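So the protein sequences, as listed, match chains A and B. With this note's numbering, letter number 51 in the first sequence gets 51, and the count goes up by one each step, no holes. Take the position in the second sequence, starting the count at 1, then add 1000; the result is the number in this note's numbering.
Derived from the structure by calculation, the hints contain no laboratory data. The reader is advised that the hints may include incorrect statements.
Pulled a few chain B residues facing chain A out of the computed Cβ check, cut under 10 angstroms [as the list claims (entries may be wrong)]:
| no. | residue |
| --- | --- |
| 1 | I1046 |
| 2 | F1091 |
| 3 | L1101 |
| 4 | E1105 |
| 5 | N1112 |
These numbers were taken from a predicted model, which means no experiment stands behind them. Cβ coordinates follow ideal geometry from the N, Cα and C atoms, glycine included.
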Amino acid sequence: DAGVTQSPTHLIKTRGQQVTLRCSPKSGHDTVSWYQQALGQGPQFIFQYYEEEERQRGNFPDRFSGHQFPNYSSELNVNALLLGDSALYLCASSPGDRVATQYFGPGTRLTVL
Amino acid sequence: AQTVTQSQPEMSVQEAETVTLSCTYDTSESDYYLFWYKQPPSRQMILVIRQEAYKQQNATENRFSVNFQKAAKSFSLKISDSQLGDAAMYFCAWETSGSRLTFGEGTQLTVNP
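Isolated chain A (complex conformation) (with noise of 0.2 angstroms):
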């Protein structure tokens, strides 16, 4: 049984860029949610994905955007990088029901010059 995927392991990008970043979910699980861990911090929730829609954000500007296809695999684009997204990018997926227990993919390395 596979777990959660992501792709790329590491990417490297200059400021004004844009990004794609991708993530493959648990089998079974329809629901994933981004997360953003900067250097020595815990992780900042991006949005959720559920039925291909997003069912809640964080506190992210709107350069940060998404996508859920009907495989449930999923999608992060952030437009206009700046220096701040230089940080390390967790996918985490989950059955859609009350079992609340999120399951986290390697992550993504993005490093902004």
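Could you slot chain B onto chain A? The hints should help.
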């Protein structure tokens, strides 16, 4: 606003000894879940243990157990017979069903041989 506080930025323990990591939270919700996640240097977020707020019995998973005090909004993690592989950053997190995870700032655990 819901908050999670981990007051111990760093802890250390001797191999085979017991250590307790502290966590407090603030919420007005009555139905929620609490988690401890472990993040080793690989930065993969790994679920350690979960506690449902409606359960009075403290959760246990092998060498890991929690002390859940709902009235005090306290949720500590006890690691017994500590092993070198337990060295990691530990995050306490809070969630209502189907909702976002709110993380604390983490406690860095060092295990000394």
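A quick look at each hint next to the structure:
1. The beta carbon of I1046 of chain B is positioned within 10 angstroms of a beta carbon in chain A (closest approach about 8 angstroms), and the interface hint is therefore held.
2. Hint on F1091 of chain B holds. Least Cβ distance to chain A is approximately 6 angstroms, under the 10 angstroms limit.
3. Annotation: interface hint on L1101 of chain B holds; nearest CB of chain A at approximately 6 angstroms, less than 10 angstroms.
4. Because the closest C-beta pair between E1105 of chain B and chain A is about 5 angstroms apart, less than 10 angstroms, the hint holds.
5. Because the beta carbon of N1112 of chain B sits about 22 angstroms from the nearest beta carbon in chain A, more than 10 angstroms, this interface hint is broken.
Going through the hint list in order, the structure does not satisfy hint 5, though it satisfies all others.
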